[in-house]
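Chains A and B, in that order, are what the protein sequence lines are. Numbered by my numbering, the letters in the first sequence go through residues 1 to 114 in order. Numbered by my numbering, the letters in the second sequence go through residues 115 to 227 in order.
Worth flagging that the hints you see were computed from the coordinates, not collected in a lab. Among the hints, erroneous ones may be present.
[As the list claims (entries may be wrong)] With beta-carbon atoms standing in for the labels, derived distance ranges: (1) A:N61 / B:R187: 30 to 38 Å; (2) B:P175 / A:K69: 33 to 41 Å; (3) B:M141 / A:E16: 34 to 42 Å; (4) A:Q109 / B:N198: 20 to 28 Å; (5) A:Q109 / B:D173: 16 to 24 Å; (6) B:D152 / A:Q71: 26 to 34 Å; (7) B:R158 / A:P40: 14 to 22 Å.
Nothing here was measured: the structure is a model prediction, and the numbers come from that model. No residue lacks a Cβ here, since even glycine has one placed at the ideal position from N, Cα and C.
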Amino acid sequence: AQSVTQLDSQVPVFEEAPVELRCNYSSSVSVYLFWYVQYPNQGLQLLLKYLSGSTLVESINGFEAEFNKSQTSFHLRKPSVHISDTAEYFCAVTSSGSARQLTFGSGTQLTVLP
Amino acid sequence: DVKVTQSSRYLVKRTGEKVFLECVQDMDHENMFWYRQDPGLGLRLIYFSYDVKMKEKGDIPEGYSVSREKKERFSLILESASTNQTSMYLCASSLLAGRHGYTFGSGTRLTVV
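Generate coordinates for the entire structure from the input sequences, incorporating the hints supplied.
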C-alpha cells in the first residue's frame, strides 16, 4: 500500500517570493509521482509528473519538482509566485507497473498575497 | 485533449430525493472514478470502475451507487440524498495504467437542503 503526506495544509506567501510545497510518499515499490492543481470551483488539472529519467521535472508555468528517492520526497517549487498561482495543490503517487489507481495527499492551499 | 464532462456544475436537491450525477469522457478510457471533496478531508474515493458493467467500492461507498452501462459514461447515484452528502463531487478517468495519471471533470457542487 502507498501513502502520501503533504506536510503543510496552508502556505501563505507574498507575490514574487519563492515557495516550496512539500510532499513525502511511502511505498515498497517503484513509483510514479504527480502534482495536480485545483483553482477555485474547478476540477484538478495535471501540473507535472515524474515517471522515470531525470529527477527534476518542470511544468509550463514555472513550477518544478524534484524526485528524491532516498528521502521519498517530491517537493514542488517555484522561484517567484504570482497572484494567479493561488490554488490548492495535490500530490499523488501510484506504483510503476500495472497499478490503475492514484493515492492522493490531503492537499496544500497556496495563497499568494499582494 | 481528453475531456471529462460532468453534467452539472451546481445542483440543489431536497433531502430524500434520488440524485443522478453524470460523467462522460471522450477518449476511450478504461478506468473511471468518483470522488467527493470536503474542506480538510481532501479527496475521498467513492466508487471506481475498470470496465463496462464493472464497479468497485472505494473508501466511502455508503449511501451511493454507480452505473457504467457504456464505456464512456459513469453515473453516480445518491439513492436518498441527505444533508451530509452536500459536497463537491469530482469524476476522473484514466488509461489502463497509472502512469498516465487522471483527467478530472470540472466538478459538481451539490447542496442538499
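Quick rundown of the hints versus the structure:
{"no.": "1", "hint": "A:N61 / B:R187: 30 to 38 Å", "verdict": "holds, 32 Å"}
{"no.": "2", "hint": "B:P175 / A:K69: 33 to 41 Å", "verdict": "holds, 35 Å"}
{"no.": "3", "hint": "B:M141 / A:E16: 34 to 42 Å", "verdict": "holds, 38 Å"}
{"no.": "4", "hint": "A:Q109 / B:N198: 20 to 28 Å", "verdict": "holds, 23 Å"}
{"no.": "5", "hint": "A:Q109 / B:D173: 16 to 24 Å", "verdict": "holds, 22 Å"}
{"no.": "6", "hint": "B:D152 / A:Q71: 26 to 34 Å", "verdict": "holds, 30 Å"}
{"no.": "7", "hint": "B:R158 / A:P40: 14 to 22 Å", "verdict": "holds, 20 Å"}
In this structure, none of the earlier numbered hints is contradicted; all agree with it.
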